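Chains as they are written, first to last, in our numbering: chain Z, 614 to 1060; chain F, 10 to 437.
By construction, these hints were calculated from the structure, which means they are not laboratory data.
Please read these numbers as outputs of a predicted model, since none were measured by experiment.
Hints may be right or wrong, so weigh each one.
Claimed, not checked - Straight-line C-alpha distance at most 20 Å; calculated DMTMM-like pairs for lysine to aspartate or glutamate: (1) F:Lys112 / F:Asp367; (2) Z:Lys714 / Z:Asp701; (3) Z:Lys861 / F:Glu284; (4) F:Lys112 / F:Asp340; (5) Z:Lys935 / Z:Asp874; (6) F:Lys357 / F:Asp367; (7) F:Lys357 / F:Glu201; (8) Z:Lys861 / F:Asp73; (9) Z:Lys861 / F:Asp39.
To be verified - Covered by chain Z, per the in silico footprint, the following chain F stretches (three or more residues, Cβ under 8 Å): (10) 41-51; (11) 108-121; (12) 286-300.
What the hints assert, rightly or not - A short, non-exhaustive set of chain F residues, derived as facing chain Z with CB atoms under 7 Å: (13) Val85; (14) Asn87; (15) Pro228; (16) Phe229; (17) Thr233; (18) Gln236.
For each residue, glycine too, the CB sits at the ideal point set by N, CA and C.
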Amino acid sequence: MASQSTDRYLALVNSPIGANVAAKVGLPRPAVLRRYRPDGPLLGGPLEVATIGAGLVGLTDLLAGLDVELAAPDSTARLGALLLDASDLAGPDQLAELRAKLAGSLRRLGPSARVLLIGRTPDGQSAWVDAGRQALDGIVRSLAKELRSGATANLIQLDAADTPLTNLAAPVRFLLSGRSAYVDGQVLRVGGGVAPAPGDWAAPLAGKTALVTGAARGIGAAIAEVLARDGASVVVADLPAAGQALAKVANRIGASTLQLDIAAPQAADTVAEYLTQRHGGVDIVIHNAGITRDKLLANMKPEVWDSVLAVNLLSQLRINEKLLDSATLREGGRVVCLASTSGIAGNRGQTNYAASKAGVIGMVRALAPAFAARQATINAVAPGFIDTEMTRAIPFVTREVARRLSSLQQAGLPVDVAETIAFLSQSAAGGVSGQVLRVCGQNLVGA
Amino acid sequence: MPARQAAILGGNRIPFARSNGRYAHASNQDMLTAALDGLAARFGLQDVRLGEVAAGAVLKHSRDFNLTRESVLGSVLNARTPAYDVGQACGTGLEATVLVANKIALGQTESAVAGGADTTSDAPIAVNEGLREVLLAANRARSVPSRLKALTGLRPNQLLPSIPQNSEPRTGLSMGEHQAITTHEWGITRAEQDELTAASHHNLAAAYERGFFDDLVTPFLGLTRDQNLRPDSSVEKLAKLAPAFGKRLADPTMTAGNSTPLTDGASTVLLSSDEWAAERGLPVLAHLVDAETAAVDYVHGDRKDDGLLMAPAYALPRLLERNKLSLQDFDFYEIHEAFAGTVLATLKAWQDPVFCRDRLGLDHPLGEIDHSRLNVAGSSLAAGHPFAATGARIVATLAKLLHERGSGRGLISICAAGGQGVVAILEA
């Protein structure tokens, strides 16, 4: 897989001598993260389940379907995950009970363990109820910063009482599995929407056709690879000038190449025509193509501004519009758009880039209802600091500092972004739409 | 007419490089493999067993004896895809296309790739003929003394290698010198040649700009467009070049500008039955309708009418007659620009009442063509001409032009060394 880490520090502090020294001197000790393998177990250890109140009806059945070992009541074994069902939380007074249940198990978490809270989306009906629900947000974000050894904490918010419980299956699997290795301190809302389970959870994209733009290298190549691994027929697109690298990616994973400039005005038509002719339509579209042209706003030339907006935002707008206007995107389609933490937190020298990436977030939220009308979803994924050719060009000291500035104290790998996108591409992820999911190891900068 | 026609589904080539340019260290096999891999990537043919692959190279090393099969084995195509080498000088690529198209039309195979590669940089250099004879004699000797005796035949001058010549073995004249005679005999002017050359550069550049080659070319070794292409070429600039061929003639007109440079590259084209294409959801760009090959006796024949590169002029009327078509019944003309003079002399011959009557046996000349339909996406003067790679470049280009137009008919004409020529009709 084209996503080997080049993080020498991480390797050092995970060697016997390095670990000893780092512990004594008090240096950050990033862990080697547990990552997904289709043939591997979902978790690194048993799952402990705790509930506030009655809890979700049917959750036990859902968890039984995960094929994971449940922790025995008095066991002292290292936990693979702790799942806390707080969906019945009625107000802040119940948070003390929640604290006690969490505290009792935290010390038993194994390496790369998962803490997963399930709550409900605040709905403005009751100040007491919403205060409790929103409090979970703060707990998860803070707890994620306290966890060590690659463990993560995330929150699922169930939208409405009538959201089918089956819509939880894919998000729960994702957040427990190694697919979410670099997703930390995040809130994922799950709502209604059609979310059929796959025939085989090891090949959840079987029979689907996927388009990945900007797929010649880096994150795009990793996305194509993971989608193909999960069973999709993949079309990889990139600039004609990147054709040689693109062909290599395609030939490695059994994909087809589509060379085109995604920013060209006719690109949306070309893409739609290609997908219709060759595949009779498309199920999954990943808008990954993006460029950076950093300059302080005062020094930025108009063409530099324009080119970043054209590639990163306008191309996505045009193609999405075409997908909706034509029958190209099949019913139950999935669109995932690459945003960036720069678009959320801002970054010096990146007004153009942040404009484009924040724009993507606005677009995704606005389009979700139109997509829902054809049982399709559209989401954004915002990568944080990911080890790619692009970040390898950053000066050594800056890069080393940036790598440690997250709760997981390391940069993510392209495959981490890819796994999150592959999750959102599943039909079973139909309950998730119009959202922005960060893959940033809970970056300490920004929201 | 056969029961079915072979469909052309698309093509792939690497950008053509000038000799000793970007591909100086790439072999024919490297380039052909890259072109096949790019084709496989474009059409999702990884590990697909095709009916066959037919390709060739004009300048071949002895190690390239099974060039096409070795390239297939090095590619992502299924290793059980058979392959063979084809050779008809610059006609190789088109002849290979015709061969596999015929097999498809006959139902002998369902899918095939035709192509070619040529390098003038990584050219074969053989040992001196004298040295070769001495070494072979020593090899035949049965005893040590007789072997040593044979080796006494070694001479210092035998160390000079034998470098391949770009010349006709029977005349000793280079192709450029041959064409210079033809150009002169047919009275083709310098201005006409330079105009055609500038148009070729402008058309190729415009085609790249509009993304025409986005699904026909895959970059290789850092080259993303044909290295020979000069978008800013002009008749004025070309007029400044000194003559390169026919310098002993009264009025030499052929320059390095209006002649193709030595080039490295490889190209492929994918053909199949309509059914094979439909099963894979691959749109058919065009069909290969018919083809004809001809040769001239340039050694003993007339200086004007039997010029080395005039054979397509003879092939075409036979092809038109068989298909009940006139020269004007085409929407596109792809006439290989070995030299601007070749194209212009061929077109002039088809307009010439005497040539058409005496040499082609026609009552009327074939007539003029609409020049706005000629080489509309550029041709060899701009792209370059890696000998065996030109045919598949032109076939894929014309098939796409016809597909873009929605329907229509196109003519291909390619001249080749040895006084040969191949012409073909494509329809969409």
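Here is how each hint holds up against the structure:
1. A C-alpha spacing of about 36 Å is found between Lys112 (chain F) and Asp367 (chain F), which places the hinted pair above 20 Å, so the restraint is violated.
2. A hinted pair counts as satisfied when its Cα atoms are at most 20 Å apart, and Lys714 (chain Z) with Asp701 (chain Z) qualifies at roughly 15 Å.
3. A hinted pair counts as satisfied when its Cα atoms are at most 20 Å apart, and Lys861 (chain Z) with Glu284 (chain F) does not qualify at roughly 28 Å.
4. Between Lys112 (chain F) and Asp340 (chain F), the direct Cα distance comes to roughly 27 Å. Violation of the 20 Å bound is thereby established for this hinted pair.
5. Only pairs whose Cα atoms come within 20 Å are accepted, and Lys935 (chain Z) paired with Asp874 (chain Z) is accepted, the gap being roughly 16 Å.
6. Restraint check: the Cα-Cα separation between Lys357 (chain F) and Asp367 (chain F) comes to about 15 Å, which is no more than 20 Å; the hinted pair holds.
7. Using a Cα cut-off of 20 Å, the hinted pair Lys357 (chain F) and Glu201 (chain F) holds, with the two alpha carbons roughly 12 Å apart.
8. Proposed proximity of Lys861 (chain Z) and Asp73 (chain F) is contradicted: the alpha carbons are some 25 Å apart, above 20 Å.
9. A hinted pair counts as satisfied when its Cα atoms are at most 20 Å apart, and Lys861 (chain Z) with Asp39 (chain F) qualifies at roughly 15 Å.
10. With 6 residues having a Cβ less than 8 Å from any Cβ of chain Z, the region 41-51 of chain F passes the three-residue criterion, so the hint holds.
11. Counting residues of the region 108-121 of chain F whose beta-carbon sits less than 8 Å from any beta-carbon of chain Z gives 0, not enough to reach three: the coverage restraint is violated.
12. Counting residues of the region 286-300 of chain F whose C-beta sits closer than 8 Å to any C-beta of chain Z gives 3, which meets the bar of three, so the coverage hint holds.
13. Evaluation of the Val85 (chain F) hint against chain Z yields a held restraint, the C-beta minimum of about 4 Å falling below 7 Å.
14. For Asn87 (chain F), the interface hint is violated, since its Cβ never comes within 7 Å of a Cβ in chain Z; the closest pair sits about 12 Å apart.
15. At its closest, the beta carbon of Pro228 (chain F) sits 5 Å from a beta carbon of chain Z; the interface hint therefore holds under the 7 Å criterion.
16. Using the Cβ-Cβ criterion of 7 Å, the hint placing Phe229 (chain F) at the interface with chain Z is satisfied: the shortest such distance is roughly 6 Å.
17. For Thr233 (chain F), the suggested interface contact is upheld, since its CB lies about 4 Å from the closest CB of chain Z, less than 7 Å.
18. The closest approach between the C-beta of Gln236 (chain F) and any C-beta of chain Z is roughly 14 Å, which is over the 7 Å cut-off, so the hint fails.
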